[in-house]
Structures are given as C-alpha cells and as structure tokens.
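Colleague: What follows is the residue order along each chain.
4 protein chains.
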Amino acid sequence: MGFCEEQLTRVRHVWERMLDHRFLRETRDGTIADATFASWMQQDYLFVEAAIPFIAALIPRAPKPQRTALGLAIPTLEKELELFRERATAAGIDLVSVRPGFTNHAYVQFLLATAYSASYAEAFTVLYVAEKAYYDSWMVVRAGIDEASAWFPFVENWTSDAFAGWVDYLERELDALAAGAGQSERERMAELFELTAKYEVAFWEMAATGATWPGLDAQVS
Amino acid sequence: MGFCEEQLTRVRHVWERMLDHRFLRETRDGTIADATFASWMQQDYLFVEAAIPFIAALIPRAPKPQRTALGLAIPTLEKELELFRERATAAGIDLVSVRPGFTNHAYVQFLLATAYSASYAEAFTVLYVAEKAYYDSWMVVRAGIDEASAWFPFVENWTSDAFAGWVDYLERELDALAAGAGQSERERMAELFELTAKYEVAFWEMAATGATWPGLDAQVS
Amino acid sequence: MGFCEEQLTRVRHVWERMLDHRFLRETRDGTIADATFASWMQQDYLFVEAAIPFIAALIPRAPKPQRTALGLAIPTLEKELELFRERATAAGIDLVSVRPGFTNHAYVQFLLATAYSASYAEAFTVLYVAEKAYYDSWMVVRAGIDEASAWFPFVENWTSDAFAGWVDYLERELDALAAGAGQSERERMAELFELTAKYEVAFWEMAATGATWPGLDAQVS
Amino acid sequence: MGFCEEQLTRVRHVWERMLDHRFLRETRDGTIADATFASWMQQDYLFVEAAIPFIAALIPRAPKPQRTALGLAIPTLEKELELFRERATAAGIDLVSVRPGFTNHAYVQFLLATAYSASYAEAFTVLYVAEKAYYDSWMVVRAGIDEASAWFPFVENWTSDAFAGWVDYLERELDALAAGAGQSERERMAELFELTAKYEVAFWEMAATGATWPGLDAQVS
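Residue numbers (the working numbering), protein chains in the order written: chain G, 1 to 221; chain W, 1 to 221; chain F, 1 to 221; chain A, 1 to 221.
The set of hints was computed from the structure by calculation and includes no laboratory data. Incorrect hints may appear among the rest.
Copies of one chain are not kept apart here, so a pair can be met inside one copy or by any two copies together.
Claimed, not checked - EDC-like, lysine to aspartate or glutamate: derived pairs with alpha carbons at most 20 Å apart:
#1 Lys64 <-> Glu191
#2 Lys79 <-> Glu194
#3 Lys79 <-> Glu49
#4 Lys64 <-> Glu80
#5 Lys64 <-> Asp217
#6 Lys64 <-> Asp34
#7 Lys64 <-> Glu49
#8 Lys64 <-> Glu147
Excised from the complex, chain G in its bound form:
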C-alpha cells in the first residue's frame, strides 16, 4: 500500500467529515442558496489565484522532471480562473472587490509557508491533498447535481478525466517521494497530510457559514 492510500485511511475521520459537508450535499441536491454559492465562488477564486504562487514556489525545489509538470500546472490554473470569471459574469457575481475571509487567508498562508520552509516532499504532500480533496469533494456533488445547474461547469472541471489524471500523477509522485524519504521526513509528511485535510474541512465550513474573521462582525471585517 502506498503512502497516499495509507494516509487516506489514517485520516478518514477528517476526510469523511469533508465529503459529508452540507455545502457539498446542498450543492449536489440543488438546495444551496445562491448567495452561499456566490460567496464560495468569490473566496475560491482568490484561493485559485493564490495557488499559482504556491505551485511556482515549489518549482525551484523540485526534481527536474516534476519541474516541467508543475510549470504546466500554472496555465491550467489560469484557465480555471477564466472559468470562474465566465460563471461570475453569467450569474452577476462580483469577483473584483472581494477580500479573503479568515479561513481562506489562513489556508493560503499555510500553502506559501510550507512551500518555503518545509522540505520539497512535505510541500508536495500539501499539494496532493488539496487536489485530491477537490476531486473527491466534487465527485460527491457530481453524484446528484442537475447537469443544467449553473454550477455544473465547476463540477465538470474538477471531476474531468484531465483533473483525475493530474491527481493520479500527483499520487504516484508522492508515493515515490515518501518511499525515498527518511523516517522523520515521512512523519512530517503524514502530519501535513492531516493538516491539509483539516484546512479543507475549514474551507467548506467557511463556504457554508460566511467568510468572516473571528471576533469581528461583518462591518469591522
């Protein structure tokens, strides 16, 4: 059993909480409030934008073959941003004047700080978990959403063969990195695996409850 499968089993209590999140269920069932989905779109747009620096920061530390793959991920993310802008225009949602909610800001800082200060294999772990979480989460939505839904293009994006292939690639590479790592590095990779899963749950929670800052009401945020 590879590292990824082993870790997905170990953190399944967090993973299940994520897949069972009401934001995903309500999006699947078509009962999600428009304002709630719009707020998620605004926050996730900022998140995808910030994922480009994260990927870029991995490149100088990557082994050469992975550098090329990571380099190609950047235009893919640019296309994803295009999808957000297209959907936002269609639905009349503002993507320009949005500011990150606390959980969103925190997650982005976690990505960047890890890319800079952890080992490459540790930072790569975070990349894999974030992408795998999106694939699995949107597969939950896919299992029931009306294909005529205005949000279906997002579902298509993250459940496509292309995205599945990317997640598979990351899984193979991460398994190999873990197999080649020493004991203590592998332990830190496991810890980051779990942490990233917890940030993913936090992100859905923010999507469902609003992108505010702790201890501050909306006016002060």
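For this one, chain G is given, so just place chains W, F and A on it according to the hints.
Modeller: Only chains W, F and A this time, still in chain G's reference frame:
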C-alpha cells in the same frame, strides 16, 4: 505623524475590539476560568516558539543595523519560553503534548509566509503590529489585575520597560521604513498592518472560546 | 530618461567590455574553436535550465499582471532547452554528463539567492539585465556571422522579434518598478544592475577560457 | 563510519589542495605579504558578515533543538566581526569601503541559495563543511606561525577549543541527519559537501591572487 500612529488611527475599530476582548477583561478582573487561561498558555507557548523562526527569517533581508537587533530578539524569546515553562510547572499545565489550534496555526503560517514572500518593510510591519498588540493588550490587564495572581508574571513580561523599549524601537524603525518606501509598498504595509491586527483579535477569540478546528469537533481535531 | 537607460549609461564600462568580448567576436567571425563553442553550449544549457527555478521563484512575489508574464516565460525557456538539445545532437555534443563550471554555478546561485532574499524589484532588475545582456551580446554576433553557421539558430533565438519584445516588456516594467521604489531600494537596484553585468562578463570569460574551478586543475574539478 | 568521515575521505583530493594552499603556508611561515593578508581580512570580514543571514535562514527549517544552537551561533559571529575590526584598526586596514570580490560574492550567494532552496539537511551540510574547512585550514597555520604575529588572534579564534567543539557538534548532527535521510537526499548532501570544499579552495585562491572579477581589470571592478 508617523506611519505607525497613522495606521493605529486607521484600524482603531479593530484595535478597540482587541483591547476590549473579554479574555483580557476577565484576566484583569481575576474572573477568568483556570482552564481558559491554561489553554491560552498552551497555545501562546507554541506561538512564541514559532516566532523565533519568523524573526530568523527576517534577518537575511534586514539592513545591517536591524540584523543585530533582530538577532538579539531570539534569546529574549527563549527567555520568554522559559517563563511559560516555569509558570506551567507551577500551575500543573502540560506544554509538551499540545497541538496548535486552527487560529494559532494560521497566524504562524501568516508570519512565515510574509517573512518569505513579502518585502522586508512589509514583513517588519507584521512584527511591529504583533508586538505592539501584545504591549497594549497586557497594559489593559495590568490596569486591574491582582499582583498576587499566578498570571502576573506574564503581565510583567509584556508591560516591562524592556518590552516597551523594544516596541518603541520597532515603531521608530517602521516609521523610517515607511518614510523610505514607495507608494505601492506603503499601501501593502497598511494592508498588512490591518491584517495583523485582525489575526490578534482572532487569537484572543481562540483563547476565549477554545483551540479547535472549524467543522471538526474536539475528538476529530 | 528611465531607470534602465540611466543604468546602462552608468555601467557602460562593464557593458562595453561584455560586447567586445572575444567569445562574441570570434563567434561572429566564424573563428571560434568548435570545442570552445561546445563548452559554452554545455554550460549555457545548464544555465537556462536553472533560469526556470529563478523565474518561478519570482512569481510568488510578483504583482498579479507580471505573474502571468513570468508564468509564460517558463515554457519559452523549455523551448530554448529544446533548441540546445537539437543543436547538440546535430553537432555531437554531450549535454547529459556536464557539470557546471565555477562561474556558471556562481551565477545561478546569485539568481536564486536574489530571488529569495532581495525585494521583488531588486530581483526583477537581475532578470532584466541578464536578458538585455543576451540580446545585446547576440546582436553583436548577428552583425557578422554566416547564416549557414551551425550556431546561427542561437543567434536567431536571442535576436528574434519575440525576444526583443520580451526585453522591451521587461524594460518598461523595470522602469515602472524603479519609478515607484523608494530611494534606498532604487540604490540597491542600481547595485544589482551592475553586479549582473559583471556576472555576464564573467560568463563570457568562462566560455572563452574553460569551465574550471579556481585552484583546481581539470582532473580535480 | 559516519557521513562526515566518509565524505572527507571521498573529497580528500580537494581537501588536500585546500590545506596545502600557499596562502595558508605563507601565513604559517610568516612570509605572507601584508597587503595579501589585508586583502583576505577585508574579504573574510564581508564573508563572516554574510554568514549571519545564512545561519538565520537555516533556523526556520531546523528541528527545534538545532534552532537554539544556531541562534547562539549568531552572537558568536558578531564577536568574530569584532575581532576583525580590532585587528584591522591595529593594522590600519580599511573594512568599511570594501566590496566583495567575485569569489567572495559567489560563495555568499551559494550559502544563501542553498539555505533557501535545498533541504535542511543539505543546507546543514554546507554549514558543516565551511566550518570544518576553517578549523582544518587554520590548524595548518597554527602548526608553525609565530605567536607574536599580528595575525595570531585569527589562528586562535578558529583553532580554539570552543570552535573545535562547535565543529564537533555540527559533525555529530550532520551524521545523524545523513543517517536519517533517504538515498537521494544523501546523494545531494554528498554533492554539496564536495561543492563547498571547492568553494573553500576558491576562497583561498582569491585570498592569494586578489579579489577581482573575471574579465574586468581592477579599475573596472
């Protein structure tokens, strides 16, 4: 009016929320629950520990005179950790097996990510605001706490002349950095000033409400 | 007069030394020894490979519009590597088992260290000067080289309209960054401008004299 | 046999070249020209100054016990700078208006780039080799220098029990890091071991031949 004073005025709605936080008021009045204060101690111990890497990450990017001052801040933080361990032993509080709550983890990531990816003056802004927030917050507590309180040594630490002098030094240096910065850098400094203040409020909020992770109950965290 | 023009004037004693380098003159005149050109190809291949991490390391610190431009530079460099491999195969030159000479290794470290520890505008200065140096240097070669030369594709690459447009873009952006920078940052930018020009001279010097390490003969290197 | 001993054996052809360098022999025998030693002092002063950022950049990536040790190394380097200033004043040598020679600049970039982009164990390898090289090199000088020499305080500094203890500490820690590393990380550590030794030889070579830049005469440098 220097940059610091100007920004403290601009973000006063956040600053006042911080200084009026019930965690500070209850600690001042001696009505704080022991378990609540203990949880803060555990989380803040981890935070101070993580502040050493933040300071260290600033050094390579600092102008030479500031390098020395930042280098000297590291042993001061080591002494602060000693104070935590001494107080924890006295009160029977575990500092060894603690893990960071969400807000704590997020704040540390924010420090590190900023130290690595923002400009030096921007990252220095975050350092100043975090230290100034602690000075002002503990001055609130000092205004009423019983000097016989087991928590008084923390109050003494962050309201001491030595700490006040450090905050003054940071303020003068930050004012000078802001005066020498271009327009767009100064705008990013202002944005980070406000963000750091918001992270400080979030930290007290965590201290008062518990160091959990969004969407996960205590067992799963 | 913009920052770039002003600096090119200020460091012209270095720039002229670079443009008058015998490696360029001999390549232009077709008198360069095959082994000398082959050694340059080997070293420059490693250098271009290492330029990808440099560009990537700039992305997290770049303003958003420049992120996209820098992201697009990565596939361009991949194509440049392709050109090296194609020319090397045609001429029977090994690109696989080569190790960097001292000057090459040093220059790459300079790029990376600057990308990580200097300000964005400072690191961007280094990028501009390196690209501008290549454009100007190969224009010297273009002025006389036989178009049937096996090395002409390199000349074409770095004197093309596309490459000229890239250098122009960098110049405009750098002028704007310098205009928006404070006094002391602009001074550090000027210093890095000159340093990069000196590294470029050192690189041609290595190309002409061999990719060795100081104090070590070829066997020990 | 630990990693350090194994690598010192593997790179002994470089190490011997370093220990047999004429700069060391002439300093030992008292035949070194004053201007030559003065030039070394100027360059090494800049190098030690730059070693502080290198050490600081390692701290955020270090395991906790090593963080403290690295933190303590910073004031030690500050004291070393004091020694340079004291000796320079005594001998009428200018340390203020000096600029780094090519090899010096390159070596510093190598330290910083490694601290930022390599793994912690890889960067720690560079730290160990640089310190071990200084200990071994100055032991060569100690074996014959007149204790009344104006340069003897440098010999004392780097052959002292305190410095020997620091090098021993680094060796034990590096052996442990290598023992815990995976195969490919250990290979990169070995490569950096050799590279650092080569930079050390280059530094003595610069000390003996002058701190110039390749392809530029003294006026242009």
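Colleague: Hint by hint, say whether it matches the structure.
Modeller: Against the structure, the hints:
Proximity of Lys64 to Glu191 under the C-alpha cut-off of 20 Å is restricted to the inter-copy arrangement: shortest distance 16 Å between copies versus 26 Å within a copy. For a Cα distance limit of 20 Å, the shortest separation of Lys79 from Glu194 qualifies neither inside one copy, at 29 Å, nor across copies, at 32 Å. For the identical chains of this complex, Lys79 and Glu49 are intra-copy neighbours only, at 11 Å inside a copy versus 26 Å across copies, given an alpha-carbon limit of 20 Å. For the identical chains of this complex, Lys64 and Glu80 are inter-copy neighbours only, at 16 Å across copies versus 25 Å inside a copy, given an alpha-carbon limit of 20 Å.
For a Cα distance limit of 20 Å, the shortest separation of Lys64 from Asp217 qualifies neither inside one copy, at 47 Å, nor across copies, at 29 Å. Taking the shortest Cα distances, Lys64 and Asp34 never come within 20 Å of each other, neither inside one copy (44 Å) nor across copies (29 Å). Proximity of Lys64 and Glu49 under a CA criterion of 20 Å is satisfied inter-copy only: 9 Å between copies versus 25 Å inside one chain copy. Proximity of Lys64 and Glu147 under a CA criterion of 20 Å is satisfied in neither setting, with 40 Å inside one chain copy and 34 Å between copies.
Of the hints listed earlier, those the structure fails to meet are numbers 2, 5, 6, 8, in rising order.
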